[in-house]
Amino acid sequence: MAANPKITEDRLGALREEAVRTGKVQDHGIVPVGGPFPKPASAMSYHGNPVLKPPTWTWQVPLYFFVGGVAGISALIALAAHLFGNAGLLRAGLWLGFAGALISAPLLIADLGRPARFLNMLRVFKLRSAMSVGAWTLAGFSSAVGLAVVCHELILAGYGNDFLVVVEWVAEISAAVSGLILASYTSVLLGVTAIPVWSENRKLVPVVFLGGGLGSAAAVLELLGFLVPVTQFIGIVASAVETLVAIIIELRGRYVDRPLREGAVGWLTRAGAALAGPASLLLRIFLGHSSMARYVAAVCFVIGALISRYAWIAAGRVSSRDPQALFRIQRPAPNAAAH
Amino acid sequence: MPISAFLTDASVCIGCKACEVACKEWNHIPEDGFEWCGQSYDNTHALGAATWRHVLFLEEKQPMGPQLAGIEEPFRWQFLSDVCKHCENAGCLEACPTGAIVRTEVGSVYVQPDVCNGCGYCVVSCPFGVVDKSHEVGTAFKCTFCYDRQRDGLMPACAKACPTQSIRFGELEELRREAQVRIKELQDRGYNDAQIYDPTGSSVGGTHAMFVILGEPEAYNLPPAPEVPTIHLKSAWGAALLSALVVVLVVCLAFAL
Amino acid sequence: MPGLGTSFGRGGATLGPSDLVNSDAILIMGSNMAENHPVGFQWVIEARERGTKVIHVDPRFSRTSAMADIWAPLRAGSDILFLGGLIHYVLENEKDFREYVIHYTNASIILPEEFKDTEDLGGVFSGWDAKNGSYDGSTWLYGACVQAGRVAPRSAGPHSGQCKDGTGAAADLRDCECDPTLSHPRCVYQVLKRHYARYTPELVERFCGVPRERFLKIAETFCTASGPEKTGVICYALGWTQQSKGPQIIRAAAILQLLLGNVGRPGGGILALRGHASIQGSTDIPTLYDILPGYLPMPNLGLDSKNLADYVATHRDPTGWWWNFDKYIVSLLKAYYGDGAKKENDWGFNWLPRVTGDHSHQGYFLEMLDGKVEGLFVMGQNPAVAGPNSRLERKALSKLKWLVVRDMVELETASFWYDSPEVERGELRPEEIATEVFLLPAAGHAEKDGCFTNTQRLLQWHQKAVDPPGDARSETWFMYHLGRRLKEKAKQDPRPRNAGLSALTWDYSLGGTMQEPKVEEVLQEINGYAVADHTLVSGFNELKADGSTACGCWIYSGVFPRPGENRANQRNSRDLWGHGWGFAWPSDRRILYNRASARPDGRPWSERKKLVWWDEQNKEWTGLDVPDFTRTKAPNYQPPKHAQGDEALAGDKPFILHPDGMGWIFAPKGLADGPLPTHYEGLEAPVGNPLYPDQQSNPAAMRDERPENRFASSPDDRFPCVMSTYRLTEHHTSGAMSRMLPHLAELQPEFFCEISPELASERGIENGGWVTVMTPRGIVEARALVTRRMRPLLIDGKMVHQVGVPFHWGYRGLVKGDSANDLVAISEEPNVRIMEAKGILCDVSPGRRAQGKAALDQWNAHLGRK
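Chains as they are written, first to last, in this note's numbering: chain A, 1 to 339; chain B, 1 to 257; chain C, 1 to 866.
It is worth saying that the hints were derived from the structure and are not from the lab. It is possible that some hints are incorrect.
Unchecked claim - Covered, in the sense of this in silico footprint (three residues per stretch, anywhere, with C-beta under 8 Å from a C-beta of chain C), are these stretches of chain B:
1. 95-109
2. 116-122
3. 125-137
4. 205-218
5. 227-240
To be verified - Beyond 12 Å from chain B on every Cβ pair, some chain A residues (computed):
6. Leu-12
7. Trp-57
8. Leu-127
9. Arg-128
10. Val-150
11. Val-230
12. Phe-327
Said to hold, decoys possible - With a Cα cut of at most 20 Å, we get these calculated SDA-like pairs of lysine to any residue:
13. Lys-609(C) - Pro-228(C)
14. Lys-53(C) - Lys-234(B)
15. Lys-217(C) - Lys-234(B)
16. Lys-126(A) - Leu-241(B)
17. Lys-184(B) - Pro-286(C)
18. Lys-184(B) - Lys-217(C)
19. Lys-53(C) - Pro-228(C)
20. Lys-798(C) - Gly-65(B)
21. Lys-61(B) - Glu-705(C)
22. Lys-610(C) - Lys-217(C)
23. Lys-126(A) - Gly-65(B)
24. Lys-61(B) - Pro-757(C)
25. Lys-203(A) - Pro-224(B)
26. Lys-816(C) - Cys-252(B)
27. Lys-126(A) - Ile-71(B)
28. Lys-53(C) - Ile-71(B)
29. Lys-131(C) - Pro-792(C)
30. Lys-53(C) - Arg-174(C)
31. Lys-61(B) - Glu-49(C)
Backbone N, C-alpha and C define an ideal beta-carbon position, used for all residues, glycine too.
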């Protein structure tokens, strides 16, 4: 395009005159300040085909999201328990974290296209790749929580000494920090992709996943017998958060969120949200005194959180298949222009 | 070494698919399914692990420049060979946790097939939906920019096979200049909707595979404003950090209260 | 081929694709060049980018249409109406290149009073013998010749080759009266005007379906690419040749080009786009029954076969280049029979086969069906899918005693006996088929030495890259060793019938582990050599009629002029036309008739369009191409009274194969169905002939009608749609070489049918669904591709739907489908015996056809409908 000619009233008049006289304007015209403006989107795409590729992840991945969340937050709870002097929760939290770590790695490795090459994940460390951060985090977390468990058991068995105590503290702190990362990085993993429903919800999914991890850790501890105020409090907060997020998604009514509200995946999402949200919340608030109710609430939350992981992955699949989901993010309000 | 680039020009593409076949023959890519779907003459559907050049067929109710084709209303049939964009800032490269995806000395984005372990993260990180995981092999594949041929001083197989030079191969800046010249030429000839697809203004930073298209990018399933997903890193981690802090608070409160 | 041969003198493209960049306008018709000649099409794109206007006229909007500047829809089968409309336009508006027309064409020749045009006789020319279904062409000869009582060309009968490339049997056209002012009422120019007087733009719109404005735009665009400064070219392919009037359509294009003065000039002429890599070679060194190498005719029993002298007299024009005819036939016979060919035995002339009937593909398949053919070799062909009325052909194969199929895969022709629809439908039962089928593996083109001759008459050598696997062998190996074994058997059997076989020279060197004949020696033999010492000749000018030279194909002579100099193998292209790369026959002339690129006085018409010109200083023709003219013949040369051969042609007569040296706007001889192209409807049509209600279709075309090969009436309520078969870029002919390869099979995996949205909504057909297509020959099912690129046309006020049917599928391979040729009838155009596959009638209905035997019931029920 030619350099911007001088923007004057005379020039505009000349352009108008030319348009009237000849029906078109020879020059390329003026670029207004702030331009070029994006043109409104049309409903067109290439034969309605998807633009993006769907996620290739198998059933192990959402399960891992769940397990990793539980494991990571368990380590945090363990650290807090240690700080606040709750020995029972400390030990349970450490072991829960450790168990989670043990399950996580095989789950992830099984999902790989070439599982034998899983160690290639540790060839490089890329801060900008959430998957890389996650691989190292899992490695670090597993080591830390494993070390913490070993130290703790050794101390319990009577082999403790000052050094071991310090090591246990360091291990627990490392496990708690890396556990938080473990529980939250998966939301960044989804958010920093091209998939519209994920990238447009990148600020919301951390809330969902961390809330889910938090509530699930507490729920599992409850199912292991820890029907204590700590887990009740955490359970109420977590299910309240889940309820709030569900309401936001329903009310926001964005086109890009349609997979979360429509079709089979929509119902899956709602099922997960209902179980982890209102079901668990109401049981805890109104029937919190009953152990049975708390067990049920815990089960509801765990199942709900697990379902919700699958729902988010499935929503990504659906979102990737809709070209309009992508186009509308990139261009404003659609009109019904013909193909 | 000079940075390689493609300039693929819809205005001279005859839709012969020689590029698709040459690519498959050179790279020993298997067939991608015998599925007919009635989308004009396109039975390839999309780029993927076993399709690295994909010719699109657009039948539209618009004129092709000054062409006299339609009778009662305008009509045109245009073709374009799609390929991996080899982005300046590549989503797949950023995402890859094993370091399998690298930038070569000719500026292309290359997946090392012996390093990739098939984690699938690149697949969801490509803003153009190019790279995909092969079910048979288990790892990710996409156009290699004929890295092996370029290293021997040859041009990519698709460019070599293209009979009308719709696929031009050359040095990046030179092709960028040629693209500008071509657009001006086409517009002067009456192709009012000719434009260059090379998203230099976006976070992708421009692509080493550029296109002369007729009409809007959406018609070709090209994103009108592609972004490399890592621009969202800050906001995503920020939200994760905030949530994590809240979680810590909640846990502490749980014990304290 | 005869269309071009009778118009210009040789039955081949007059230029090569690269010359298209020199055109100012390109008219592509009867061709989908971008689809089927994608590499050659780069030159069309190149030309278009430089400002050339590209026009495409076709029933479908194809990949070629997408790249054209102007597209017009056309009712399949109405090509002559359209081209006649263009001729009418040129004549009405006096847009002809007058100087060219007067000097270089026979426009000024005066025709005899006895000649009557179709306009006079309601659809036939004078000389039509309705009983025999053929023409006596004596009244077509030039007026003065008839007056002088010269004998009509001895027609060599309805089944003669008539020199497919050339001008028919010999005739003396000397001293013919002409009118250079083109005003005499019986001069060709005026006859032409009257003949095409009714081909108005309105008629074109009404019966071709081309909107009047669009037609006039095309006429204006193409016809202004004419004159000293501009040229235009016409490209055609099987859209024209697969009709019952194919050569006449080509003649119409030739007439147009002669009027516009485009022939023999850069960027002008006619580019006949032939369909395979070496199909041009398959007619130059023919696998056809009625011609010998170099377009010499096969002797026809009782007509020209008595002896060599008779044969030569029948075909040897006293003037023009064919005066050399005897040199070529004798040299050919010497090449065939070596020392066995002697003057005393007419050089072995009696050992050549004689044509005794219709031995064309269609002719012998019909005989095969009647059980009259014992055996068949099928090499690199797939009649079970690609033959017209393929159902009939598959059944015919079951009547053979033995069948030898040589190919790289087990294709449909080899497996018909257990795998075909006929077996599935119970029409054939494997246990009842007595045909012994031999399937032999063949080598691919990279596994053998050899030579292609492609559409621009270019011989290109290709070298063997790898040995063929296992038992696969080349054609050369097979034919050579088969011949060798037969000759050995013949040695034991001295009956006269084996004399020719025994006399055949069969002495190529063998080499390699497979005892492969040295193909270069074959090419040398084709080039020609002196018999005495085997010195290679440098061109056909060195050939003699006295038995001292041998030459396998005179038009190729010059390809191997010296030992070690295989010009077909040269790869140093020096210029746009490719001199230095390969060898174009004849004599590496890239643009034929290029004398016409210069004025009568020898100077180029213009600087912009110069090609060859007369060098006054060196007294020879020179320029950018090899002159297609006697190098030392001055432009002002006037032949002496009784000159013969080339010497009888003046210095301003470019069409040297013609006895009068002129381009034939009117073809006095050589075509079986008339000297001027006339619009006839096809053998099946949706409307009556608007010009001649009493002569619906080409009177000389043959239908071969029989129960297995039925025709619809014109029109026919049962078959209201018009279909044409065609090719796709992704596949190759019968699909034997593409449906077996995954990378090609996946590009077009299913047999589909292209349908307009109007037809789809009328019949309830959905895009992506299935349709059943039926004709009086067969029933097929295909996927429905509903597209705007197909459109119904308003023909004489009636909506006529057109459908497109690609023919690549068969019952074997990675992808399978019904064969479109099940729908096509066996019919024979009178000159070249090609079937009509364009513009035939069919019916289209939604849904799949019945499977197995029920398909026949469904089909028969439809046939029985009123």
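Taking each numbered hint in turn, which are not upheld by the structure, reported in ascending numerical order?
-> Violated hints (numbers, rising): 1, 2, 3, 4, 5, 7, 8, 9, 11, 12, 14, 15, 17, 18, 20, 21, 22, 23, 25, 26, 27, 29, 30, 31; every other hint is consistent with the structure.
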